[in-house]
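There are 2 protein chains.
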Amino acid sequence: MPDVLALAGGVGGAKLAFGLASLLPPDRLTVVVNTGDDDAFHGLHVSPDIDTVVYTLAGKANRETGWGRQQDTFAALDALSELGAETWFRLGDRDLALHIRRTQLLREGHTLSEVTRDVCQRFGVEHAIVPMSDNAIRTVVETDQGVMSFQEYFVLHHSEPRVRRLVFKGIERATPSPWFEMAWQRADALVICPSNPFLSVDPILSIPGARNALASINGVRIAVSPIIGGKAVRGPAAKLFEQLGGGPADCVGVARRYAGLCTHLVIDRVDQALAPQIAALGIKPVVENTLMQTDDDRIELARAVLAVCETG
Amino acid sequence: MPDVLALAGGVGGAKLAFGLASLLPPDRLTVVVNTGDDDAFHGLHVSPDIDTVVYTLAGKANRETGWGRQQDTFAALDALSELGAETWFRLGDRDLALHIRRTQLLREGHTLSEVTRDVCQRFGVEHAIVPMSDNAIRTVVETDQGVMSFQEYFVLHHSEPRVRRLVFKGIERATPSPWFEMAWQRADALVICPSNPFLSVDPILSIPGARNALASINGVRIAVSPIIGGKAVRGPAAKLFEQLGGGPADCVGVARRYAGLCTHLVIDRVDQALAPQIAALGIKPVVENTLMQTDDDRIELARAVLAVCETG
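Protein sequence lines correspond, in order, to chains X and V.
Heads up: the first sequence begins at 351 in the numbering used here, then just goes up one per residue.
Heads up: the second sequence begins at 351 in the numbering used here, then just goes up one per residue.
Only true hints are included.
Stretches of chain X that chain V covers, calculated by requiring three or more beta carbons in the stretch to come under 8 Å of a beta carbon on chain V:
#, segment
1, 386-397
2, 422-431
3, 441-452
4, 468-477
Derived from the structure by calculation, the hints contain no laboratory data.
Idealized CB from N, CA, C, for every residue including glycine.
I would like the entire structure built from these sequences, with the hints used as guidance.
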């Protein structure tokens, strides 16, 4: 059984992480999560990608929205609005409690890694979910409508502005979180979940030393394409291929981004015809059903990924 | 029409403040509120007495509990408990929003006075509700069961420990809030609402310079007894008379505490027989119905108080 280091952003990453966690024991999986999307709302530290992964593995995620907790209410947010606060970033009451708790623990001197581990334990999540770094890294989006935070781009402006450049503010001075570093030293398989290559995976790979360390993992290094039939399942990944270069939005573009890092790329059956182009980049294409609509889909895809990890 | 400076703690003070605000225009009333009960929960700044007064004047107070907002929910608190936080101090979702907002604004450098004014404006409260000080003052309760914060004493331990001493931590270096100081310079009547003399009014009077300045208000200085027939309407006021000295818990004890400061004391009809003892202390007794169960009760008592302020 491989010792897996998985990289994840939000919804897509959380789905495959759920599948992996369903098949691997806790000591065989570390899910490293993007924190470039972290932001402060109402003075509270919000880690959207971490929370999506934690809620998903805890069985608390809201499947309809893709963010927040299931069956949450919005009384506090309504009252915040009444008090003059901006409330375009929707935070449910139960979700808000997590941000309140995290902010308090961070202010008391705990690291984001420690806080995340505590939250996982409270929620009964046994697998390690770790932030990519305990340092503050913020994805800044330079667009034709001005410079904005990731959440302003994604939530407030619905990913509509044309992106010119992404900057991961603070990344030069950032170090990987302790458990991320331990995992890359120990892992014998790397799994890049079907998350946005530009916004979710690139921040993780951009932490000084991370990409090289991951490329040195002695075993299968496999990514799952978040692009199916030229489209992203969710979010702006497809349009970012067009806006930031790297060719058209297809799994070949994904392969190009992970060339030199990954040994394998899982692509969807609808993209089977593109397999030779991926092979030509030195990456072995693996053809599977990659659309994860049910828990069974998640587990089946994870099973296929782990089979490659074991057999190469 | 007098220019009234009113001192208030929580529930009882808020009721009379409501009556006064119903009768006086906004430029004729300043309600100065105790902040010794303020505390931090989950890293959020909570000002229970200010909030009780604000909610009461805004028509949002929960009349059943005496704290918090009407028809509030507790989803966030449940989730905080799930996350391992102590939740004996009950904070509703809508109430929590106020603490989140206040904490954010305080951290951004605004004073508690400014934050409170902003909250009042948002809630449509036109009368000035001001904290006694913008400095941190904390009521510490020394008891036979140890030293504890006011909220630990009052909420967690239900006022059961025997109180040996009250300390208003930080009071020596505290200054009155700007609007408190302006009000005492301008007012021609002082009204001490029926709040706990030890826990609610004494902190305000203990701010350096405050008691002398209030005693110098050139006009009627009238208190309303929070003790009716030897009992407090709510809270531990009666037992504090026994534990901290000052004689038995009755309106004569209240008069004794305000001797040298107040010219008048409103006592309840049930205490009419004690009027001569109050007069003997140099304070004019005023006999009224002081139990405020309805809005009309509040307004009628305020009307009686204001009549004394005008006629002396």
